[in-house]
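Q: Residue numbers (the numbering used here), protein chains in the order written: chain R, 1 to 251; chain U, 1 to 424.
For the record, the hints were derived by calculation from the structure and aren't laboratory data.
It is possible that some hints are incorrect.
[Unchecked claim] A short, non-exhaustive set of chain R residues, derived as facing chain U with CB atoms under 10 Å:
1) Arg50
2) Ser71
3) Asp74
4) Met99
5) Thr101
6) Ala102
7) Leu162
[As the list claims (entries may be wrong)] In silico DSS-like cross-links for lysine-lysine, where the CA-CA straight-line distance does not exceed 25 Å:
8) U:Lys384 - R:Lys151
9) R:Lys108 - U:Lys422
10) R:Lys165 - U:Lys154
11) U:Lys71 - U:Lys108
12) R:Lys10 - U:Lys384
13) U:Lys407 - U:Lys154
14) R:Lys5 - R:Lys190
15) U:Lys384 - R:Lys65
16) R:Lys221 - R:Lys10
17) U:Lys71 - R:Lys108
18) R:Lys65 - R:Lys108
All C-beta atoms, glycine included, are put in the ideal place defined by N, C-alpha and C.
In case you want the letters, here they are:
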Amino acid sequence: MLSIKNLQAKIEDNQILNGITLEVKPGEVHAIMGPNGSGKSTLASVLAGREEYEVTAGEATYLGKNLLELSPEDRAREGLFLAFQYPVEIPGVSTINFMKTAVNQIRKYRGQETLDAVSFLSLMKEKIKLVEIDQTLLNRSLNEGFSGGEKKRNEIFQMAMLEPKLSILDETDSGLDIDALRIVANGVNKLRSKNNSTIVVTHYQRLLEYIVPDFVHVLYKGKIVKSGGKELALELEAKGYDWIKDEVAVA
Amino acid sequence: MSEITEVKNSTSEIHSTLTSSTPLREKAKSAFQQLGLPQVKTEEYRHTPITRALEKNFNFSSIQNASASLKNLNDIEIPGLDAQVIVMLNGEFSESLSRISGSDVIIKKLDEAEHREYLGKYADFKSDALVAWNTAGWQSGVLIQVAENKVIEKPIVIYNIHDASPGEVKSITRNLAVVGKNSEVTIIEKFDSIGAYPNFSNQVTEGLVFENAGLNFYSIQADHGNRFQVGQTTIWQANHSRVNTYTFTFDGKFVRNNLQLLLDGEGCESHMYGLYLLHGDTVADNHTVVDHRKPNSVSNELYKGVLEGNSKGIFNGKIFVRPDAQKTNAFQTNRNISLSDKATINTKPQLEIWADDVKCSHGCTTGQLDEEALFYLRSRGIEKNTARAMILYAFAAEVLDNIPNEKLRLFIDTMVSERLHKNF
Numbered sequence: 001m002l003s004i005k006n007l008q009a010k011i012e013d014n015q016i017l018n019g020i021t022l023e024v025k026p027g028e029v030h031a032i033m034g035p036n037g038s039g040k041s042t043l044a045s046v047l048a049g050r051e052e053y054e055v056t057a058g059e060a061t062y063l064g065k066n067l068l069e070l071s072p073e074d075r076a077r078e079g080l081f082l083a084f085q086y087p088v089e090i091p092g093v094s095t096i097n098f099m100k101t102a103v104n105q106i107r108k109y110r111g112q113e114t115l116d117a118v119s120f121l122s123l124m125k126e127k128i129k130l131v132e133i134d135q136t137l138l139n140r141s142l143n144e145g146f147s148g149g150e151k152k153r154n155e156i157f158q159m160a161m162l163e164p165k166l167s168i169l170d171e172t173d174s175g176l177d178i179d180a181l182r183i184v185a186n187g188v189n190k191l192r193s194k195n196n197s198t199i200v201v202t203h204y205q206r207l208l209e210y211i212v213p214d215f216v217h218v219l220y221k222g223k224i225v226k227s228g229g230k231e232l233a234l235e236l237e238a239k240g241y242d243w244i245k246d247e248v249a250v251a
Numbered sequence: 001m002s003e004i005t006e007v008k009n010s011t012s013e014i015h016s017t018l019t020s021s022t023p024l025r026e027k028a029k030s031a032f033q034q035l036g037l038p039q040v041k042t043e044e045y046r047h048t049p050i051t052r053a054l055e056k057n058f059n060f061s062s063i064q065n066a067s068a069s070l071k072n073l074n075d076i077e078i079p080g081l082d083a084q085v086i087v088m089l090n091g092e093f094s095e096s097l098s099r100i101s102g103s104d105v106i107i108k109k110l111d112e113a114e115h116r117e118y119l120g121k122y123a124d125f126k127s128d129a130l131v132a133w134n135t136a137g138w139q140s141g142v143l144i145q146v147a148e149n150k151v152i153e154k155p156i157v158i159y160n161i162h163d164a165s166p167g168e169v170k171s172i173t174r175n176l177a178v179v180g181k182n183s184e185v186t187i188i189e190k191f192d193s194i195g196a197y198p199n200f201s202n203q204v205t206e207g208l209v210f211e212n213a214g215l216n217f218y219s220i221q222a223d224h225g226n227r228f229q230v231g232q233t234t235i236w237q238a239n240h241s242r243v244n245t246y247t248f249t250f251d252g253k254f255v256r257n258n259l260q261l262l263l264d265g266e267g268c269e270s271h272m273y274g275l276y277l278l279h280g281d282t283v284a285d286n287h288t289v290v291d292h293r294k295p296n297s298v299s300n301e302l303y304k305g306v307l308e309g310n311s312k313g314i315f316n317g318k319i320f321v322r323p324d325a326q327k328t329n330a331f332q333t334n335r336n337i338s339l340s341d342k343a344t345i346n347t348k349p350q351l352e353i354w355a356d357d358v359k360c361s362h363g364c365t366t367g368q369l370d371e372e373a374l375f376y377l378r379s380r381g382i383e384k385n386t387a388r389a390m391i392l393y394a395f396a397a398e399v400l401d402n403i404p405n406e407k408l409r410l411f412i413d414t415m416v417s418e419r420l421h422k423n424f
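Build the full structure now, drawing on both the sequences and the hints.
A: Laid out in structure tokens, this is it:
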């Protein structure tokens, strides 16, 4: 699905990613954990194509294509989805119109018929049930005045609508209370299948109780310094990140 | 030749074209000479080099408007709008192209002698040379007079058309709109030109909106011709009157819109909406004044602009709250998006408040296209140009949403959509 080799990236003059290597296979859930400033969100941004970041070395192959050469929209059209840590508020653009445009541009790219209003609405109704989002929210301006939980739920709704092959959840748990967290995680779990993969970027183990990962990687100073199974997340929860930093310092 | 001499020359050039045929014209003529055309240091025209623009393009002592010929209003008329139509052709009232009917509203050529009591009373010719020029030199104009207790359903459209195909054109026109007690009317002015020569208009409209009456006033400048336009609209409001103004500037070389609302009654409600989409070398200047003279009125102003190319936008919004105007609510917002490094915008709110029990706020912002929003839309598979158009259209739509007439909204919406390359 996704193969990252020695990926290095900087923003302005700050080198943030210092050689990341990661292999994600279909059906797998990978958690990327790490202390603040370790480069977790940068990795998510670089994979989604955020243009402020400059890739200085390494490669990322996604479904056999050079991911780094694709525009952000083409990455989405190829089935990559980033759930934003801070979803953007866009006054005047309703979620429904926005999603209709997105779904149809993606369908066009894939050579599929575009959806008319009726089929779009029925698709939407189906996904609304899946992620438990209030339909009145979707008629409103995109994320404008939404609570933290509503914004994150809207991200998962969009994910459901676009049916991605690879989803990257960037700190989706931040700013969520436990109920909202459960609803969001449920949505993600319902969308999981053996054909699609998920990368969960998170600071805390909390989210991983609901979205259980196959692999956990610890990012520190722009590198993956430790990888393991889901038990690694528990260990981090119990011991904090300092022992990792110490291990790196010794090595 | 020094710049000062040049200014004097064009002031006197214009001065020589003015008459003193009535006391008002005579006063305005001498005010014009005293004021002279605005110079670089004239505060109200500081960012708007109008005199230079006019001097470069016009020779006012020698312009002879060629007789214009226009057979129909195709391409000029607002599609599907059921309206009373007035056509001003090169500044002259065109009987043959106008379509006027009904008896609840008087629409006719403005007669100075008949309306001496109103003319020149509200549009201040003593402080603005261009208004003085107009007051002394207007050639023709329209009277729109609505009797009391009449709701006029059909909008009244004034098509100001300039035929500059044989040569340069200037028009100096004057309109007067009187809306009687408890009446309502919608007036639309639209500017168009034909031909490549420069064409200039100086237009002043005075409006009086009596007790509990309502006026919707639209100004549409979307003509891409070689067009220079200065206009002043001054509307006086009596108790409990309602005025909504909509000013759209999408094209032209040089456009100055002066808009003044004089809230001279209690319980007035006034909304001023403006949208300017500028590109190329367009200079567009919106100078607005809301003058709260009496208590308990509400005014709200929303002006938005998108600037591309080498265009230049100016927004100046004055709010006066006079000592008597307690319990005034006055709000003003001006937001701009600049899409080009070469475009400039000058925005200036000016609040002068003498009453102590008032709510006033103002805010202006100028920024580039929100890159974060753009990335968000693109990350969902939306092509960059579409995403850009979506954001800009949504920005403009906040103004468009306030147009109550559906046909008119569709017309403006279509222009905005085309300009912003909206294709979703």
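Q: Taking the hints in turn, state whether each one holds.
A: Do the hints match the structure? See the list:
With a cut of 10 Å, the hint placing Arg50 (chain R) at the interface with chain U holds, because the nearest CB-to-CB distance is about 6 Å. With its C-beta approaching chain U no nearer than about 7 Å, Ser71 (chain R) sits inside the 10 Å limit, and its interface hint holds. Proximity of Asp74 (chain R) to chain U holds as hinted, the smallest CB-CB distance being about 8 Å (cut-off 10 Å). The restraint placing Met99 (chain R) at the interface with chain U holds, with a minimum CB-CB distance near 8 Å, inside the 10 Å limit.
At its closest, the beta carbon of Thr101 (chain R) sits 5 Å from a beta carbon of chain U; the interface hint therefore holds under the 10 Å criterion. A least Cβ separation of about 4 Å between Ala102 (chain R) and chain U falls short of the 10 Å threshold, and the interface hint therefore holds. Proximity of Leu162 (chain R) to chain U holds as hinted, the smallest CB-CB distance being about 7 Å (cut-off 10 Å). Pair hint Lys384 (chain U) plus Lys151 (chain R) holds up; C-alpha atoms about 23 Å apart against a cutoff of 25 Å.
For the proposed pair Lys108 (chain R) and Lys422 (chain U), the alpha carbon gap of about 17 Å is at most 25 Å, so the pair holds. Our distance criterion of 25 Å between C-alpha atoms is broken by Lys165 (chain R) and Lys154 (chain U), whose separation comes to about 56 Å. A hinted pair counts as satisfied when its Cα atoms are at most 25 Å apart, and Lys71 (chain U) with Lys108 (chain U) qualifies at roughly 21 Å. A threshold of 25 Å between alpha carbons decides the hint, and for Lys10 (chain R) with Lys384 (chain U) the separation of about 23 Å falls inside it, so the pair holds.
The straight-line distance between the Cα atoms of Lys407 (chain U) and Lys154 (chain U) is roughly 12 Å, inside the 25 Å bound, and the hint therefore holds. For a cut-off of 25 Å, the pair hint linking Lys5 (chain R) to Lys190 (chain R) is broken: about 30 Å separates their Cα positions. For a cut-off of 25 Å, the pair hint linking Lys384 (chain U) to Lys65 (chain R) stands: about 21 Å separates their Cα positions. Distance check on the hinted pair: Lys221 (chain R) and Lys10 (chain R) sit about 12 Å apart at the alpha-carbon level, within 25 Å; holds.
About 46 Å separates the Cα atoms of Lys71 (chain U) and Lys108 (chain R), which puts this hinted pair outside 25 Å; it is violated. About 19 Å separates the Cα atoms of Lys65 (chain R) and Lys108 (chain R), which keeps this hinted pair within 25 Å; it holds.
Consistency note: the structure conflicts with the earlier hints numbered 10, 14, 17.
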